[in-house]
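Chemist: All chains, please: the whole structure from these sequences, using the hints.
Next come the chains, spelled out residue by residue.
There are 2 protein chains.
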Amino acid sequence: MSKNLSRREIITRAVYAVGGAATFASVQACGSSAATTTTPSTGPTPKDFPYEQHLPAGYQLDPAAVKEPAYHAYYEADGGCCHGSYSALMKHLAATAGAPFDQLPADFGRFGAGGIAGYGSICGSILGGVLVINQIVSNPAARGAMMTDLLRWYEGASFPSYTPATVDAAEAQKPPTLDFSAGNLVNLQTTPGSHLCHASVSGWCAARGVAANSPDKLARCSRLTADVAAKVAEMINTYLASTATPKTYTAAALDSTSATCLGCHPKTSTTRPVASGMSCAPCHADKVPPNVHP
Amino acid sequence: MSKNLSRREIITRAVYAVGGAATFASVQACGSSAATTTTPSTGPTPKDFPYEQHLPAGYQLDPAAVKEPAYHAYYEADGGCCHGSYSALMKHLAATAGAPFDQLPADFGRFGAGGIAGYGSICGSILGGVLVINQIVSNPAARGAMMTDLLRWYEGASFPSYTPATVDAAEAQKPPTLDFSAGNLVNLQTTPGSHLCHASVSGWCAARGVAANSPDKLARCSRLTADVAAKVAEMINTYLASTATPKTYTAAALDSTSATCLGCHPKTSTTRPVASGMSCAPCHADKVPPNVHP
Numbered sequence: 012m013s014k015n016l017s018r019r020e021i022i023t024r025a026v027y028a029v030g031g032a033a034t035f036a037s038v039q040a041c042g043s044s045a046a047t048t049t050t051p052s053t054g055p056t057p058k059d060f061p062y063e064q065h066l067p068a069g070y071q072l073d074p075a076a077v078k079e080p081a082y083h084a085y086y087e088a089d090g091g092c093c094h095g096s097y098s099a100l101m102k103h104l105a106a107t108a109g110a111p112f113d114q115l116p117a118d119f120g121r122f123g124a125g126g127i128a129g130y131g132s133i134c135g136s137i138l139g140g141v142l143v144i145n146q147i148v149s150n151p152a153a154r155g156a157m158m159t160d161l162l163r164w165y166e167g168a169s170f171p172s173y174t175p176a177t178v179d180a181a182e183a184q185k186p187p188t189l190d191f192s193a194g195n196l197v198n199l200q201t202t203p204g205s206h207l208c209h210a211s212v213s214g215w216c217a218a219r220g221v222a223a224n225s226p227d228k229l230a231r232c233s234r235l236t237a238d239v240a241a242k243v244a245e246m247i248n249t250y251l252a253s254t255a256t257p258k259t260y261t262a263a264a265l266d267s268t269s270a271t272c273l274g275c276h277p278k279t280s281t282t283r284p285v286a287s288g289m290s291c292a293p294c295h296a297d298k299v300p301p302n303v304h305p
Numbered sequence: 012m013s014k015n016l017s018r019r020e021i022i023t024r025a026v027y028a029v030g031g032a033a034t035f036a037s038v039q040a041c042g043s044s045a046a047t048t049t050t051p052s053t054g055p056t057p058k059d060f061p062y063e064q065h066l067p068a069g070y071q072l073d074p075a076a077v078k079e080p081a082y083h084a085y086y087e088a089d090g091g092c093c094h095g096s097y098s099a100l101m102k103h104l105a106a107t108a109g110a111p112f113d114q115l116p117a118d119f120g121r122f123g124a125g126g127i128a129g130y131g132s133i134c135g136s137i138l139g140g141v142l143v144i145n146q147i148v149s150n151p152a153a154r155g156a157m158m159t160d161l162l163r164w165y166e167g168a169s170f171p172s173y174t175p176a177t178v179d180a181a182e183a184q185k186p187p188t189l190d191f192s193a194g195n196l197v198n199l200q201t202t203p204g205s206h207l208c209h210a211s212v213s214g215w216c217a218a219r220g221v222a223a224n225s226p227d228k229l230a231r232c233s234r235l236t237a238d239v240a241a242k243v244a245e246m247i248n249t250y251l252a253s254t255a256t257p258k259t260y261t262a263a264a265l266d267s268t269s270a271t272c273l274g275c276h277p278k279t280s281t282t283r284p285v286a287s288g289m290s291c292a293p294c295h296a297d298k299v300p301p302n303v304h305p
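Protein chains in written order, with my numbering: chain W, 12 to 305; chain R, 12 to 305.
If you are wondering where the hints come from, they were derived from the structure by calculation, not from laboratory data.
Only true hints are included.
Which copy is meant is left open, so a pair is good if it fits within one copy or across any two.
Once the Cα atoms are required to be at most 30 Å apart in a straight line, the calculated DSS-like pairs of lysine-lysine come out as:
(1) Lys102 to Lys185
(2) Lys258 to Lys278
(3) Lys58 to Lys102
(4) Lys185 to Lys278
(5) Lys298 to Lys278
Modeler: Listed below in structure tokens is the structure:
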């Protein structure tokens with residue numbers, strides 16, 4: 012699926028240079044004064060979707076390089092978690108792979124903060140990652156597996172784990188009360204259990220004894236955003252490195268407790284069907300072992 | 012914020028036509044054979060985000076016109092609810108407002124089916140709508156209010172309510188067992204309560220006694236997709252009709268039961284903070300009246 016963009020780019024640029032020169036020369040020679048700014052239409056455009064086809068053979072992102080930008084973008088005005096992961100990944104793609112990533116607005120993820128406009132739905136850092144995966148992956152089955160894998164990984168991961176190279180100016184102005192130093196970070200970690208911002212943020216804040224609008228919450232979620240952005244980069248790299256045709260990706264299996272639930276509540280049930288790929292326990296603790304099923 | 016695109020378009024097209032003709036004439040006259048395809052760079056591009064600035068003054072979508080395409084797009088291979096609402100709205104915008112909507116892939120929403128890759132997260136038809144609102148609205152406060160309003164509306168609306176003009180070929184091939192005729196549709200309606208696909212689909216299917224992977228589920232969700240797409244068009248119209256500077260939008264208030272919950276569980280609490288804009292009852296029935304609070 013991948014094409015060699017270096018080659019393609021060279022050709023595109025050469026055609027453009029020749030074409031531009033020819034047009035300029037002819038306009039000069041013929042004395043026409045019509046002034047139109049033109050751009051080549053031979054390169055990839057946002058409509059040539061998905062964008063895996065425009066990546067050079069062997070292309071890989073640098074997961075370490077997206078962490079710090081993701082962390083700082085979180086603290087921008089009208090920023091947040093979705094903007095953090097989305098903009099860091101898209102800017103990295105634009106800088107390292109060019110078109111059409113550099114023709115898209117890196118600001119597209121600002122809406123997703125706090126589980127979409129503070130609603131507490133899907134964690135914005137995941138949503139930003141999902142949107143970037145969707146830009147690239149051409150195989151629908153692999154795309155679905157990657158998104159499922161990202162959601163499951165998030166639910167079971169310990170956050171936060173990134174320590175920024177430089178504390179953001181906004182964080183320094185209103186510093187957290189907890190100790191976010193690299194050595195102590197492990198003591199601040201919890202596993203969200205759910206991919207919903209509402210549960211992830213409320214649970215962490217309650218466990219740490221801090222408010223959900225505190226500087227501590229911001230310090231936690233900005234670092235989590237860096238963690239998620241790097242994970243998305245790693246996942247895309249795994250997919251791009253697939254040698255299968257089309258490229259494949261395998262998601263982690265559903266946890267065993269939830270798998271047991273679906274044994275009696277499959278999609279095919281006409282009495283209690285369950286349409287879900289997520290873990291059951293976080294929202295239905297009363298219905299999973301060791302509790303009694305009602 | 013809005014510019015008159017008709018005027019702008021006329022100018023752009025005129026410049027392009029003149030430029031194109033001049034280049035062609037000069038190339039012909041001077042005998043150059045360099046063949047470059049050029050596109051005008053004077054019109055709006057996807058990077059000129061958000062796109063409200065490119066809409067003609069007084070622009071409005073036609074909510075009725077997006078319903079049928081949204082319903083049919085749901086049934087496409089690798090289609091679904093998010094693709095249904097997103098592609099119907101984006102194609103309508105491309106056809107009626109032009110650039111940059113016509114420079115973006117209408118296929119971007121295919122990932123969102125079944126609450127993102129079947130995971131049961133946010134209903135894809137809402138997510139598709141959220142992504143379209145995000146393309147347009149430039150005022151972050153209004154953008155957030157619109158997304159909140161869409162999510163709250165969905166949770167309390169009765170679905171499905173649209174009756175397609177033509178039954179989709181895929182639906183006709185595997186028809187639902189329930190009576191989806193216009194006269195009987197009211198008897199098939201339920202209120203999702205939650206904006207999550209998992210709860211919305213599982214709840215409706217259980218209430219109707221059908222499987223979550225049945226033709227009945229498809230018939231329900233395809234019509235719901237049309238309902239949501241039209242609602243999003245109406246909301247964007249309300250926003251665009253705002254005469255305030257910047258344009259404003261007011262979301263419906265949180266339901267009174269949930270508002271009571273947040274009285275004791277505000278974001279500012281350091282013991283049980285709740286970060287959420289959604290309704291509490293659907294997931295915490297054991298904690299809201301008339302049940303006893305644990």
